[in-house]
Structure formats: C-alpha cells, structure tokens
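Chain D is fixed; fit chain B onto it per the hints.
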Amino acid sequence: MTAPPSHRTLPRFSATFSPQTIAEIQRAAATGIYDIRGGGAKRVLPHFDDLLFLGASISRYPLEGYREKCSTDVTLGTRFAKKPIKLKIPVTIAGMSFGALSAPAKEALGRGASAVGTSTTTGDGGMTPEERGHSSILVYQYLPSRYGMNPDDLRKADAIEIVIGQGAKPGGGGMLLGQKISARVARMRTLPEGIDQRSACRHPDWTGPDDLEIKIEELRELTDWEKPIYVKVGASRPYYDTALAAKSGADVIVLDGMQGGTAATQEVFIENVGLPILAAIRPAVQALQDLGLHRKLQLIASGGIRTGADVAKALALGADAVAIGTAALIALGDNDPQLQAEYEKLGTVAGAYDDWQEGLDPAGITTQDPTLAARLDPAKAGRRLANYLSVLTLEAQTIARACGKSHLHNLEPEDLVALTIEAAAMAGVPLAGTNWIPGITK
Amino acid sequence: MSNVDLGKAPLRELNAMLHALAPATNETHWIVTNPGGKHAIACGVDAPVTIDIEGHVGYYCGGMNKRATILVSGNAGVGVAENMMSGEVRVRGDASQAAGATGCGGLLVIDGNASARCGISMKGIDIVVKGSIGPMSAFMAQAGNLVVLGDAGEALGDSIYEARLFVRGNVASLGADCIEKEMSAEDKSILRSVLKRADLADSVSPNDFTMFGSARRLYHFHIDNVDAY
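Quick note, the sequences are listed as chains D and B, same order. Just so we're aligned, residue 1 is where the first sequence starts under my numbering, counting upward by one. Just so we're aligned, residue 1 is where the second sequence starts under my numbering, counting upward by one.
Worth flagging that the hints you see were computed from the coordinates, not collected in a lab. A couple of the hints might just be wrong.
These stretches of chain D come out as covered by chain B in the derived footprint (C-beta under 8 Å, 3 or more residues) [as the list claims (entries may be wrong)]:
id, region
1, 141-150
2, 204-218
Below are the BS3-like pairs computed for lysine-lysine, each with C-alpha atoms no more than 27 Å apart in a straight line [stated by the list, open to error]:
id, chain 1, residue 1, chain 2, residue 2
3, B, K181, B, K196
4, D, K82, B, K8
5, D, K156, B, K66
6, B, K66, D, K83
7, D, K86, D, K296
Small disclaimer: the values here were computed from a predicted structure and weren't measured. Idealized CB from N, CA, C, for every residue including glycine.
With the rest of the complex left out, here is chain D:
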C-alpha cells in the first residue's frame, strides 16, 4: 500500500552527486568527450568579497568625496622601455582574440577603453586594423602559436605581452573550434578554413626562464627598446613565476587568476587548475618586494574583477593595475536578459550562457557569424564599456577617499581585513576583529 503524500520523505539530492554532476556524467556517457565552454571558474572561490576595507577613523583621516582629488593614473613599463604606457585609470582590457570575438566586439573594446584612457589587448590570432584603429593604446600579445605574428604589427603596438599562460588554464594551449574559423580568421592564422584550431601550450623557440630572458632581449632589439614588455602568467606558482619573470627582464607582469575567462577550454581544466586571484597577488608582490622591484616594474592582476571594490582591493594588495575580460564582455552586451528567448533556444538562460566556443552568441560578441556579429553596434557597445569603466574607477576612488588616500596606489594591505580565515591567510590581512593573520601571526 502506498503511503499518503504527507508521510513520504522529500526527494533528497546528493551533495556529492548533485543534479549538475549527474547531468555531466550522463552527458559524458552519451558523447564520449569532455565538456568545453568559455568563461572562467564558476565554482565558489575565496575572492575579494571576503575582504573589507576598514575606512577612516580616529587614527585615519578621510578625503572629502567630490572635492579632494584621488588620482587614478598609472604608468606601465617604467623599468626598461623607452616609451612606457600612461593610462588614466588602472583598469585595462585583457587579451581576447579576433576569432574568439567578432570584429565589432573588438572594435567596441577599443572604443570603450580609448574613451576613458586605458589600453586594450589583442589575442591569439594577430592584430586587426579595426582593433588598432580604435584602440589608442594597444598591447600586442606574443603567444605560443604566433598566429598572425609579424614585425610590422609588433612595431605598431604600444606594448608587447608574452603570454606564458592564463588563469582559466595554466599549462594549457588554446583551441578555437571550426565553427569560428571563418575565412578571415583562417587567413590571419595561416590555417585551413573550418578546422578545429589547436594552439600550442609551449612557446616554440624558448624553454625556461633563461631562454625567456633572451627572447625578451630579442623583442626589445626588434622594437628598439621602445615598447614595454609584459609577461602574462596564469596564477599557479605566483611567487616563483613573478620572480622568474622579473629576473627575465619583464617590465610588467600580468597575473591571471582562475576566474579569468577563456574562449574555449575543457570545463575540467577551468574548474580544477590554477589559483583564485585572491591567493595569488600577495605572493607575487612578496616576490617583487624580495627583489626590491615592487613599484619598479608593474603588476597587473586579473581574473574575476567586477566592481570598483575589487579594483581597490587588488590595488591595496599591491597590484599596480587590473585587467578585465569577462566583465568587459558583459558590459558590451553578453548575457543580456533581453536576449532570454534566444538563450533558451541554445539550451541556456541569460546569466549562464558560456558556450562561447560554438559561435552562436545572440549578442554578436563571441561569434564569427556575420549576421550575428552585425547585431553588435560597436559605438553603442563601446559607450557601455566606457560607462562601466568609469563606474569602476569612481567606485574605487570612493573607497580610496574613505581610506584617506589621494591616489588609488596609496591603498595598502593595512586598509583591509578578511571575513574568513581562508581569505585572511591568502590575502595576508587580519581576520576581521582580530590581529590574526594565519600563517604570519600567532
């Protein structure tokens, strides 16, 4: 006899075998291939949300909001480059390729960044005229694949970023699935049209930090020592990677946490390799301090930057600037609720869309389909990005003034406390209400 409904237990889902996990096992069993997606780590991670600013008090004097200046400028490449980059705000646009993104999206990134006086960055696949034309300050990525690499574009760039790795996949190469290898993308990369493009995970002509030093010397010679040379690493061993990049002669080190996005990578890689950016900044800063190079070369932190508070916290921990990628795409129009019906046709919802590798983006951003790409108005999208960048800056200034700082770079770890023991240990700041910094004080 069946028990009446009121006497039956509710269906209980397993914490270990969650509906998401079960669905993934079923998907894997049906297809025989791992899941690929775009974006960064989606799991819950210790992050800047776990930090708070203390603000001014009797012992700290605040600055008057709207009246007293809080500067935001930053100069990148002061160590060796003849022509360092001067940015009005310490928020840059991270490297994203034409190929992963549509041409209008790249143009919009350039327009938005230029409007507020900051830089954009190319990606795997080379530099497009649209991107160069609309970016007043453009960083040219030097990647293992060297797709589209040529000395003319190298000289057109304002800085060069040697990519060792990225936060979404430290140790991984790139991929761009065939749907996005349009005729133009294929031509720029010297590849057959429509194939699944693989990018190597190691540089073809150097191995290890001693070689990297020689490679940097070559790039400096090629460009007559004018351009700042960045070295970008995914956050994994931040102390040693930072020290080695500095030893190799980098002007700028870009440190990308696992929340940083990718155009297309295995889900298992994105979620299980690398460090959250919160855990990476302090070891990197420590390495620079140990070498006497903190503030002599610049550190850019990226991976999960969303708000002016995140910007302020990254800078307080010792970064000189931050970079945004996913947030910039959202500002352009990615995951717009107005496209809900179209996201549903793709089996997802606005706010969760991450199949950037498929090239079917209804927002016209992560696609090479000319019809979809035409949906993105680069001028309007660029304006949205400029607005967003301005808000990030205003928010960071608001916090800095409250802490009594006349420049965002005057923020310091002493302005911060942590809400969790984990965050306190990772950020090297006291647990709120205590003097305890796990791993440092007793």
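Positioned in the frame of chain D, the structure of chain B alone reads:
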C-alpha cells in the same frame, strides 16, 4: 660596404643602424665581425641588404627578417630566422633548436645539421637543411616547405597542418597525423624550385625525396582518434 665589429660596438648600435636603413639605401652590404655568439644579431631588419656575419651567432639571429639576406659563417643558436617574413638566411655551419620556427616566408638554408624542432609551427617559410634534423621537427607546421637532404629525427611533423616535408634520408618516426604522401607534379615542381633557390638544383634530384604531410585526421576532434592525442 659597412663594417661593424661586435667585439667593440654594442649589439644595440648594429641593430639600430640596420633598423634605420632607408628603403633605397646605398649601404647594401654589411659585414659583422666578432659576433661572439651574441643573441638577436640582425633581428628585425626590413631592407634589401646583405649582412655577412663572420662567426658564430647566438639565439634568434635574423629573427623576423624581411627582405635582407643574412649569411652566417659559423653555427647558429636557437631560433635562427624565427618568424622570418621574407628574404634569406643562410647558415654555413649547424643550427640549434627551433631553426626557422614560425617562419612566414623567405628561405632558410642550413649547410650543416639542425637540431630539434626545426621548422616548428612554420607558416610559409621554406627551409633547406643539407644535413639532418632533430626530433619533433615541423611540429604543428602550418605551411611552407621543409627540405632535408639527410635524416629526420623522431616524431617528424607531429600534428602537422598543411606544410610539405621532403626528406631524402631516413625518418626515425612520424608524429601524430603525419603520413607519407605521394608527390604530385605540383609538389615536385615546388621542391625543384626550393632546391634551385638553395643553389642545389644541379646537385640534388627531387626524385630522391619522400614527401610527408598531414593525414588531416585531427582537423576535427573525434573521440575515435583519442589515442593520437
């Protein structure tokens, strides 16, 4: 003729002078003495000049070269003529790893042997090695022609795209997705042309080579090919 003694002048001075050459320069012949294995000699040149380097060079000699003819009368370090766009680089001795890596155009001729990863990720360059090449050569080679008069090491052409590999001697092993291919009349014509540019047309016959290229099985990921990864 311009002479630069790298035993006395800094490398920066040489490269700055080469980068400053006007398109119609009369300084078309440069002699570089005492290179002493320095790195990045004559990289980034973009002028139709000839540069004779009398001795051994370090890493990245002739890197990203455009239009210049660079002659190395000695051995070359890692990445000679890396990412060359056009022009010629000729090495009278042996070359270290990654010779001609990612090259997009032009001609690289190595009279001796080339070490591992020769022609890695090549994108249109033509490379002629009169001796033998090391392992993992032409890894992910995308376009261009690699001609080897001697032998090739292990894993030749691993994950190759559309480059052509011509080997006259033995191949230790082929990499993933690299297969022997029948040489068409067009392939043979291309090989003949490359040999001619390397001044080998009279001494080497295209008929003595075996051609290798992509099976194109890895162009689209398929679970049945997982053993190749």
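So, going through the hints one by one against the coordinates:
1. 141-150: With 4 residues in contact (Cβ-Cβ under 8 Å with chain B), the coverage given for the region 141-150 of chain D holds.
2. 204-218: holds (count 8)
3. K181(B) with K196(B): 22 Å, holds
4. K82(D) with K8(B): Distance of about 24 Å is within 27 Å: holds.
5. K156(D) with K66(B): Satisfied, since the Cα-Cα distance of roughly 16 Å is no more than 27 Å.
6. K66(B) with K83(D): 24 Å, holds
7. K86(D) with K296(D): Roughly 15 Å separates the two Cα atoms, so the pair holds.
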